[in-house]
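Chains A and B, in that order, give the protein sequences. Going by our numbering, the letters in the first sequence line up with residues -12 to 285, in that order. Going by our numbering, the letters in the second sequence line up with residues 545 to 790, in that order.
One or more of the hints may lead you astray.
As the list claims (entries may be wrong) - Cut-off 27 Å, straight-line C-alpha distance, at most; resulting in silico cross-link-like pairs (DSSO-like, lysine-lysine):
#1 K125(A) to K174(A)
#2 K276(A) to K733(B)
#3 K276(A) to K771(B)
What the hints contain is simulated information worked out from the structure, not anything from laboratory work.
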Amino acid sequence: MCGIVGLLVKRPALRERLGALMVPMMVGMTERGPDSAGLAVYTAPVGESRHKLSLYAGQHAVDWSELLRRLSQHIGGVHEIAVNGNHAVLTSAADPDGIAAWIGHDAPEVAVLSVGQSIDLYKDVGAPADIAERYGFKHLRGSHLVGHTRMATESAVTPAHAHPFTAGRDFCLVHNGSLSNPHLVRKKLEPLGITFETDNDTEAACRFFEWRLREGDDLKTAVTRGFSELDGFYTFLMGTDRELLIVRDAFACKPAVVAETDDYVAIASEFRSLAHLPDISQAALFEPKPEEIYSWRI
Amino acid sequence: MANLKPTPRTTPAPAAAAHARQFDLARDSLRDLNAFLHRRAAAEGVTLVQISNPDGAHSIACGLNSALDVHIHGHVGYYAAGMNKSASVTVHGNAGPGVAENMMSGRVHIRGFASTAAGASAHGGLLIIDGDASLRCGISLKGGDIVVGGGVGSFSAFMAQAGRMVICGDAEDALGDSLYEAVIYVRGKVRSLGADARFEPMTDADRATVTDLLALSGMDHDAAEFKRVASARSLYHWNADTDQEY
């Protein structure tokens, strides 16, 4: 069992309150996912030639300014870092793949959680309320977000196994359910040069969809292909820099409720995570139908 | 799709009466509510219970065992009114998965839509859903009656053994798969029937049944518009002559 939450605000003024609106949604999903939690938030893009990387140091004591100094010696350009405990967002005009490769080689104690121009990603083990407090989720701003609370059923409880999973740039996915053919999916993707960081089933789905996006599919087309490629139970919630998308498998065993008003689209595994939202009594409420794709753009 | 707006949080409580009791789940604990419904309501002569701010909590008014009239003003989560016996429970909102599952008797009325497995394995009583019901409505029904004002999702009435299901809207895939002796009446389109389910002619008795269930549910349709779906009973016995390709 896991919990998913998603929120997209339609009025720019509400972007200031995105995190504050979301925290009770995530905390409301604690019983469905008490062991880990994570969140991808999409902010205004950092600019055409710049990218940002969300970095996570876990239990390691990382000297972030020293890391930045060492990075500057190897990769030129202006790098900036915003530190939040064991988490940091590195912004740079340099090639983000080069930076990620340098971190993997020269600072392996640091994990790269996401790469893109809009996405900031946080995930860790622990109770959702503690994680929300640890990283100050209530202060987050942005246009939309994708969140998850995890109750591990098929792989270990570690920060790397927590959701959201990311692949490529500005793409993330969270999953409630379990896939029965993730190894077949991996066998198909690995010969294409796609590498995996964990043994988690959700990572297979995330990398499958991102591969299709790189091959030219739009997100809906990629998800439609997933109906025949991914076997198992799922409610998937995905984000790109422009879009929030939810889909449930044909059996719809994993729940989801959508609430839409003129101001926002809010998605959660259960209504109890939506009950606190403003004007919820006026919202259009529905459950996504099996194998129907629902998406909203900013 | 039915989208019933719940009563706003600010609705004032109805005037207190000796036989009535009000619970506000924004303030009162769910455990206290259910303990009251199970053990104290009948002893204290309470017959009417109003519940506000359910906010999707699980197992509200679950396991009731006396003739209470319970009104829940808002949306409920998993297993609301499960195992109901004798009570009448009305949800003025939508219901989460497994509403009225394993109901024994009484009446459960959902004024909005119901999530998956509504009325699963109900042995008796009447479940009314004004809006749509999601997948697996009435799965393994054992004798209860279900009336759905809207449509039902796929695999509804799967392996239903006894009881009746009236669907005023459409049905998705595999309606009545592996049916036993439960009977389904459907007014709209059926995307597909499940294995061993078949359409059968409506008899006068069928029309009377549908008319009665619609009247009990406050729904206004002509029984002549409904089709009967029941088991062909071809799966009841092992057939060694088939090629066993499943």
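| request: Just pull the numbers of the violated hints for me, sorted ascending. | output: As far as the earlier hints go, only 1 is violated by this structure.
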